[in-house]
Amino acid sequence: MKMKTVRRAFLATVPVMAGYLVLGTAYGILLTDKGFPLLFGLVQSLLIYAGSMQFVGINLLAGGASLVQAAIMTLLVNARHLFYGFTMLEKYRDAGKMKPYLIFGLTDETFALVVNEAPAGSDRNLYFLLVTLFDQCWWVTGTLIGCLAGSAISFNTEGIDFAMTALFIVIFTEQIMQADDYLPAVTGVASSLICLLIFGPDSFLIPAMLLISALLTGYSLLCNKKGGPTHDA
Amino acid sequence: MTHDILLVAVMAIVTAAIRFLPFILFSSSRKPPGIVTNLTRLLPAAVMGMLIVYCLRNTNLLAGSHGLPEAIACTAVVISYVWKRNTLLSILIGTILYMVLLQIVF
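These protein sequences, in sequence, are chains A and B.
Its first residue numbered 522, the first sequence is counted upward by one per residue in the numbering used here.
Its first residue numbered 59, the second sequence is counted upward by one per residue in the numbering used here.
For the record, the hints were derived by calculation from the structure and aren't laboratory data.
Every residue gets a Cβ at the ideal spot worked out from N, C-alpha and C, and that includes glycine.
Any given hint could turn out to be false.
Quick list of the computed label-pair ranges, beta carbon to beta carbon [to be verified]:
#, chain 1, residue 1, chain 2, residue 2, range
1, A, Asp-615, B, Leu-147, 49 to 59 Å
2, A, Gly-642, B, Leu-119, 25 to 35 Å
3, B, Phe-84, A, Leu-532, 29 to 39 Å
4, A, Asn-745, B, Ala-121, 18 to 28 Å
5, B, Phe-84, A, Leu-669, 16 to 26 Å
6, A, Gly-721, B, Gln-161, 20 to 30 Å
7, B, Leu-147, A, Leu-532, 58 to 68 Å
Cut-off 27 Å, straight-line C-alpha distance, at most; resulting in silico cross-link-like pairs (BS3-like, lysine-lysine) [what the hints assert, rightly or not]:
#, chain 1, residue 1, chain 2, residue 2
8, B, Lys-142, A, Lys-618
9, A, Lys-620, B, Lys-89
10, A, Lys-620, A, Lys-523
11, A, Lys-618, A, Lys-746
12, A, Lys-746, A, Lys-612
13, B, Lys-142, A, Lys-746
14, B, Lys-142, A, Lys-612
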């Protein structure tokens, strides 16, 4: 049963492997491009382990952001993970000794895998553990490849940081294609643009975050009151 | 360097805190309040929109290449994604196109 569980968990993570190896590599190249050492990339992929946030983190690090700025940014970028936690409460209740690691490794991609039930005939807790572990292995391996490649290649990397923009545009496009309510997306873009015009490129982010949080909280309360639509974006 | 390490520590701690919070706050019998679940569903699209603006914040529409490389590369990402729905393909197309535009064309 054990080997069967290992094999099933491995196969389940193959699609994530492709994504994490490529994105991890891009992340490693960008990080090295900004002058950070390999060890720094590895530590981040081991300890932060949050794709989008690590990409944003490169800018925070390179721009010398303040700790408060970094904390607020992380809070907003990763707020969606709260939802994953709520969803997994029941399923991970009896996950045993490795429960803290399962929670620590609950990224978008891992959530997408573990939200499905473990295959019949496999050790459930072991399956969830291995899926989480394999996924992080792919991410760390990708980072390693990227950091090595980044310091080995010598072509003109100008413009390579567009990879991060492209990643966010892809996620955003997917969210819009699946959304039944475009208001959150519009709120996000409009608030950011308005704040960018008022506060300028170096200090618009925190006002934009506050404005978005305020508007969406208001909207959320309004929906609750009306017993209005639930949002499965 | 010390500040860099502190930044990484902050990002790691806040990320972990967010992931652990639901398990600390709510036992499986106690459901989170509607406002919290609502907000966690509304935020992702808004934050992603904000991040795109953040990535493009230094684009100058009034001078230089007038944001043309950015506009072209972004459009290519959206169109290729709607067409093929392949994340990696769209990132690759957009990034290579942008690098070519920036380094050779403009």
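Checked hints:
1. A/Asp-615 to B/Leu-147: 49 to 59 Å: Violated: the Cβ-Cβ distance is about 40 Å, outside 49 to 59 Å.
2. A/Gly-642 to B/Leu-119: 25 to 35 Å: This hint is violated: roughly 59 Å between Cβ atoms.
3. B/Phe-84 to A/Leu-532: 29 to 39 Å: Taking Cβ atoms as reference, B/Phe-84 and A/Leu-532 lie about 33 Å apart, which means the hint holds.
4. A/Asn-745 to B/Ala-121: 18 to 28 Å: 47 Å, violated
5. B/Phe-84 to A/Leu-669: 16 to 26 Å: Given about 42 Å between the Cβ atoms, the range is violated.
6. A/Gly-721 to B/Gln-161: 20 to 30 Å: 28 Å, holds
7. B/Leu-147 to A/Leu-532: 58 to 68 Å: 23 Å, violated
8. B/Lys-142 to A/Lys-618: 42 Å, violated
9. A/Lys-620 to B/Lys-89: Status holds; Cα separation ~20 Å.
10. A/Lys-620 to A/Lys-523: 19 Å, holds
11. A/Lys-618 to A/Lys-746: 41 Å, violated
12. A/Lys-746 to A/Lys-612: 30 Å, violated
13. B/Lys-142 to A/Lys-746: 40 Å, violated
14. B/Lys-142 to A/Lys-612: Status violated; Cα separation ~34 Å.
When the structure is compared with the earlier hints, violations turn up for hints 1, 2, 4, 5, 7, 8, 11, 12, 13, 14 and for no others.
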